[in-house]
Amino acid sequence: QSALTQPASVSGSPGQSITISCTGTSSDVGAYNYVSWYQQHPGKAPKVMIYDVNNRPSGVSNRFSGSKSGNTASLTISGLQAEDESDYYCISYTTSSTYVFGTGTKVTVL
Amino acid sequence: EVHLVESGGDLVQPGGSLRLSCGASGFTFSSYWVHWVRQTPGKGLVWVARIKGDERSMNYADSVKGRFTVSRDNAKNTVYLQMNSLRDEDTAVYYCARGAYHLYYLDYWGQGTLVTVSS
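Protein chains in written order, with our numbering: chain A, 1 to 110; chain B, 111 to 229.
Hints are computed from structural coordinates only; laboratory data are not their basis.
The structure displayed is predicted, hence computed values, not measured ones.
Don't take every hint at face value.
[Said to hold, decoys possible] Beta-carbon label-pair distances, calculated as ranges:
1) A:Gly-59 to B:Ser-140: 25 to 33 Å
2) A:Asn-62 to B:Leu-121: 40 to 48 Å
3) B:Gly-176 to A:Arg-63: 42 to 50 Å
4) A:Asn-55 to B:Ser-228: 36 to 44 Å
5) A:Ser-97 to B:Asp-183: 18 to 26 Å
Backbone N, C-alpha and C fix where the C-beta goes; we use that ideal spot for every residue, glycine too.
Chain A with its partners taken away, still in its complex shape (with noise of 0.2 Å):
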């Protein structure tokens, strides 16, 4: 099972939208609506941003949002916030009843 493709790295601006993609195959982002996202601060566990493609925890602002299209997932932070740098995950469900995460993307604010 191959890794989802991700940009290495994102950068923008406070105040600023960015955007992550995150590409696999019909086997896995395009087989189902189990795409989810994770922040990863250094030192500390992955916590989940956006799960289902496009539905957010209780407790995530509502300012990181996802999307999906064919076979290819996207995660939009709206309004850049210093606190918002850091590393990021997806991970989608598979059709051998596996899960595969992305390369992992790192988000620079400006």
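We have chain A already, so just place chain B on it with the hints.
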């Protein structure tokens, strides 16, 4: 409050074995899938395995299939990851995480335990 704590990480030689534990509290343990995820220092997250609450179903990543075995003891609220035939590339921080109830994401994570495979 949901709490997951991993233990058992250690330095082990290539070809060796190690068993990790994930102790849970704060929820009805037997009702939830539990996953293992690993992360090589400075690298990305990799999904490793999961086990269903009733112990009747397990799934593994291809990279560990046949070498790693996930099990659980619901009486002890603990999930185990038995790792055999360890390789250098198995070096990582291993996290356990709870699968959200009837959903397909990981809602609570432990803080991880470090496994180092080296001679």
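Distance restraint hint 25 to 33 Å, applied to the beta-carbon atoms of Gly-59 (chain A) and Ser-140 (chain B): holds (26 Å)
Take the C-beta atom of Gly-176 (chain B) and the C-beta atom of Arg-63 (chain A), compute their distance, and say whether it sits inside 42 to 50 Å. Holds - the Cβ-Cβ distance for Gly-176 (chain B) and Arg-63 (chain A), about 43 Å, lies within 42 to 50 Å.
Do the beta carbons of Ser-97 (chain A) and Asp-183 (chain B) sit within 18 to 26 Å of each other? holds (23 Å)
Verify the CB-CB distance for Asn-62 (chain A) and Leu-121 (chain B) against the hinted window 40 to 48 Å. holds (45 Å)
Using the Cβ atoms, figure out if Asn-55 (chain A) sits within 36 to 44 Å of Ser-228 (chain B). holds (41 Å)
Hint check: no violations occur; every hint is consistent with the structure.
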